[in-house]
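Trainee: Given next are the chains, with one letter for each unit.
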Amino acid sequence: DSGVTQTPKHLITATGQRVTLRCSPRSGDLSVYWYQQSLDQGLQFLIQYYNGEERAKGNILERFSAQQFPDLHSELNLSSLELGDSALYFCASSVGQPEPQYFGPGTRLLVL
Amino acid sequence: ELKVEQNPLFLSMQEGKNYTIYCNYSTTSDRLYWYRQDPGKSLESLFVLLSNGAVKQEGRLMASLDTKARLSTLHITAAVHDLSATYFCAVDSFGNEKLTFGTGTRLTIIP
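So the sequence lines, in the order shown, correspond to chains A and B. Under the numbering used here, the first sequence has 57 at position 57, and the numbering climbs by one with no breaks. For any residue, its number in the numbering used here is found by taking its place in the second sequence, counting from 1, and adding 1000.
No lab work stands behind these hints: they were computed from the structure. Hints may be right or wrong, so weigh each one.
Claimed, not checked - Result set (DSSO-like, lysine-lysine): computed pairs, CA atoms no more than 27 Å apart in a straight line:
id: 1; chain 1: B; residue 1: K1056; chain 2: B; residue 2: K1068
id: 2; chain 1: B; residue 1: K1041; chain 2: A; residue 2: K57
id: 3; chain 1: A; residue 1: K57; chain 2: A; residue 2: K9
id: 4; chain 1: B; residue 1: K1068; chain 2: B; residue 2: K1003
id: 5; chain 1: B; residue 1: K1041; chain 2: A; residue 2: K9
id: 6; chain 1: B; residue 1: K1003; chain 2: B; residue 2: K1056
id: 7; chain 1: B; residue 1: K1056; chain 2: B; residue 2: K1041
id: 8; chain 1: A; residue 1: K57; chain 2: B; residue 2: K1003
id: 9; chain 1: B; residue 1: K1017; chain 2: B; residue 2: K1056
As the list claims (entries may be wrong) - So these bits of chain B aren't anywhere near chain A, every CB distance computed over 10 Å:
id: 10; residue: N1018
id: 11; residue: N1052
id: 12; residue: R1070
id: 13; residue: L1071
id: 14; residue: V1080
id: 15; residue: L1083
id: 16; residue: T1100
id: 17; residue: F1101
id: 18; residue: R1106
Heads up, the beta-carbon is just placed ideally off N, CA and C, and yes, glycines get one too.
Work the whole structure out from these sequences, hints included.
Mentor: Okay, here's the thing in structure tokens:
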């Protein structure tokens, strides 16, 4: 158990819908990262927040957005969902470089 | 754009044998990470390699880093079934904490 929690574990929804994924980092970690894992794209970095502020952006679609709240939990919002958004979404947290990022259990999203 | 390549993509080994997974990256990087992922599960941190020549060992796994060659290796000694998993290397750089992952090596240990 990494200490990072994510909810829900599974999510099944329809195209065009909007969903919110939630992540609570390890105690003391100020950085939260979101990654998408799919068979065709592999593991892709989406976005990083540090202490409530966006710090880095990766291959995140405009339909996706994220935020980190004062209690340091983070939410990833996915809207206008498409079939291709079906993937495993991981949240990770860290105290910062050079310490590793610790990954949560993931949310498996299926868009039908 | 930083690219990270692993080989082989798939590896089937007999128990008791030794093998090495290779990780090449395209640009200068300060740190290299190895992760393990079991099917349908999360990623577990194995090693963090911070400098040229760094070597770390845990049980039957040993990782090394050659920053000049932009190469890291994960060596498996006397493989056992419990090591069956997918292994990823990942790279970031100073001031940029985004991890760029390799394609992963799916390791299957056959009794």
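Trainee: Output the numbers, in ascending order, of every earlier hint that fails for this structure.
Mentor: 16 and 17
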